[in-house]
Amino acid sequence: MDRLIFATGNQNKLKEIKEIFADLPFEIVSMKDAGIISDPDENGTTFEDNALIKARDVWEKCHETVMSDDSGLEIDYLGKEPGVHSARFMGHDTSYDLKNAELLRRLEGVPFEKRTARFVCACALILPDGTEHVVRETMEGHIADSPSGNNGFGYDPIFIPDGYDVTSADISPEEKNQISHRGKALRKMYQFLSSCK
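Its first residue numbered 95, the sequence shown is counted upward by one per residue in this note's numbering.
If you are wondering where the hints come from, they were derived from the structure by calculation, not from laboratory data.
Incorrect hints may have been included.
Claimed, not checked - DSSO-like mimics (lysine-lysine), calculated; alpha carbons at most 30 Å apart, straight line:
{"#": "1", "residue 1": "Lys270", "residue 2": "Lys208"}
{"#": "2", "residue 1": "Lys155", "residue 2": "Lys112"}
{"#": "3", "residue 1": "Lys208", "residue 2": "Lys174"}
{"#": "4", "residue 1": "Lys282", "residue 2": "Lys126"}
{"#": "5", "residue 1": "Lys278", "residue 2": "Lys109"}
{"#": "6", "residue 1": "Lys174", "residue 2": "Lys193"}
{"#": "7", "residue 1": "Lys270", "residue 2": "Lys107"}
{"#": "8", "residue 1": "Lys270", "residue 2": "Lys109"}
{"#": "9", "residue 1": "Lys155", "residue 2": "Lys174"}
{"#": "10", "residue 1": "Lys270", "residue 2": "Lys282"}
{"#": "11", "residue 1": "Lys278", "residue 2": "Lys107"}
{"#": "12", "residue 1": "Lys208", "residue 2": "Lys278"}
{"#": "13", "residue 1": "Lys208", "residue 2": "Lys112"}
{"#": "14", "residue 1": "Lys208", "residue 2": "Lys193"}
{"#": "15", "residue 1": "Lys174", "residue 2": "Lys282"}
{"#": "16", "residue 1": "Lys126", "residue 2": "Lys155"}
What the hints assert, rightly or not - Pairwise CB distance ranges, derived in the manner of DEER restraints:
{"#": "17", "residue 1": "Pro222", "residue 2": "Asn245", "range": "33 to 41 Å"}
{"#": "18", "residue 1": "Thr210", "residue 2": "Glu154", "range": "33 to 41 Å"}
{"#": "19", "residue 1": "Asp135", "residue 2": "His157", "range": "15 to 23 Å"}
{"#": "20", "residue 1": "Phe206", "residue 2": "Ser289", "range": "39 to 47 Å"}
{"#": "21", "residue 1": "Gln105", "residue 2": "Glu234", "range": "26 to 34 Å"}
{"#": "22", "residue 1": "Glu202", "residue 2": "Asp96", "range": "46 to 54 Å"}
{"#": "23", "residue 1": "Glu207", "residue 2": "Arg281", "range": "26 to 34 Å"}
Here a beta-carbon is modelled for each residue, glycine too, at the ideal position from N, C-alpha and C.
Build out the structure end to end from the sequences listed, making use of the hints.
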């Protein structure tokens with residue numbers, strides 16, 4: 095069975111991809127499981143750029159099937175901040191409680207209809223022969239007035255998905271996976287890989 099190396103150290107992401115790709119003929123392993131150390135400078139200007147930077151760095155070390163993703167939150171009123179800097183916004187070691195509080199402070203007094211935002215996920219795949227394929231998906235919504243919910247992580251407690259009146263941290267992980275940017279991007283990548291075999 096071919097291996098698919100997912101360029102992440104995030105166990106939640108690894109679990110999600112294993113569930114979605116369950117019936118594909120790949121053994122899905124993390125970089126750590128594959129014995130690969132990779133920490134490239136994610137200096138791209140788009141989510142697609144950064145996903146490819148990560149995937150290419152791992153692929154150069156193994157020439158196997160490699161996949162990576164880059165994701166983040168874009169808030170229209172703030173010029174699409176924090177955007178590609180979502181993970182590094184206010185510093186790598188800053189808690190998301192503080193990051194969320196700062197974004198809410200900057201949106202104080204802004205009416206709901208102007209608080210449009212989206213989660214973005216770009217997935218990059220590189221096949222053993224070097225062929226590259228990138229997909230992008232979003233989850234549209236608005237920024238809440240205050241944090242709510244315990245199910246999510248990151249910016250989930252301040253993000254209300256379209257069609258909901260609660261944050262993405264208030265809904266179950268299973269329901270979130272059905273509508274999330276990452277879930278949609280992974281399912282799109284699944285369709286591409288299915289057509290390759």
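A quick look at each hint next to the structure:
Among the hinted pairs, Lys270 with Lys208 is consistent with the structure: their alpha-carbon atoms are about 24 Å apart, no more than 30 Å. For the proposed pair Lys155 and Lys112, the alpha carbon gap of about 22 Å is at most 30 Å, so the pair holds. A distance of roughly 12 Å separates the Cα atoms of Lys208 and Lys174; the hinted pair therefore holds under the 30 Å criterion. Between Lys282 and Lys126 the CA atoms are separated by roughly 25 Å; this keeps the pair inside 30 Å, and the hint holds.
For the hint pairing Lys278 with Lys109, the CA-to-CA distance comes to about 15 Å; that is within 30 Å, so the pair holds. Between Lys174 and Lys193 the CA atoms are separated by roughly 15 Å; this keeps the pair inside 30 Å, and the hint holds. Under the criterion of a C-alpha separation no larger than 30 Å, the hint pairing Lys270 with Lys107 is consistent with the structure, at around 13 Å. Straight-line distance between C-alpha atoms of Lys270 and Lys109 comes to about 14 Å, which keeps the hinted pair within the 30 Å bound.
For the suggested pair Lys155 and Lys174, the alpha carbons sit about 34 Å apart, so the restraint of at most 30 Å is broken. Between Lys270 and Lys282 the alpha-carbon distance is near 16 Å, which keeps this suggested pair within the 30 Å criterion. With a C-alpha separation of about 13 Å, the suggested pair Lys278 and Lys107 falls inside the 30 Å cut-off, and the hint holds. For a cut-off of 30 Å, the pair hint linking Lys208 to Lys278 stands: about 25 Å separates their Cα positions.
The straight-line distance between the Cα atoms of Lys208 and Lys112 is roughly 37 Å, outside the 30 Å bound, and the hint therefore fails. Note on Lys208 and Lys193: the hinted pairing holds, with a Cα-Cα distance of about 20 Å set against a maximum of 30 Å. Between the alpha carbons of Lys174 and Lys282 the distance comes to roughly 24 Å, so the proposed pair stays at or under 30 Å and holds. Of the supplied pair hints, the one linking Lys126 and Lys155 holds, its CA atoms being roughly 13 Å apart against a limit of 30 Å.
Judged by the Cβ atoms, the range 33 to 41 Å given for Pro222 and Asn245 holds: they are separated by roughly 37 Å. Range check, Thr210 to Glu154: Cβ separation about 39 Å, and the 33 to 41 Å hint holds. The supplied range of 15 to 23 Å is met by Asp135 and His157, whose beta-carbon atoms lie about 22 Å from each other. Distance hint check for Phe206 and Ser289: the Cβ-Cβ separation is about 41 Å, which falls inside the suggested range of 39 to 47 Å.
At roughly 27 Å, the beta-carbon separation of Gln105 and Glu234 lies within the given 26 to 34 Å, and the hint holds. At about 51 Å, the CB distance of Glu202 to Asp96 agrees with the hint of 46 to 54 Å. Glu207 and Arg281 have their C-beta atoms about 30 Å apart, which keeps the hinted 26 to 34 Å range intact.
The earlier numbered hints that this structure contradicts are 9 and 13.
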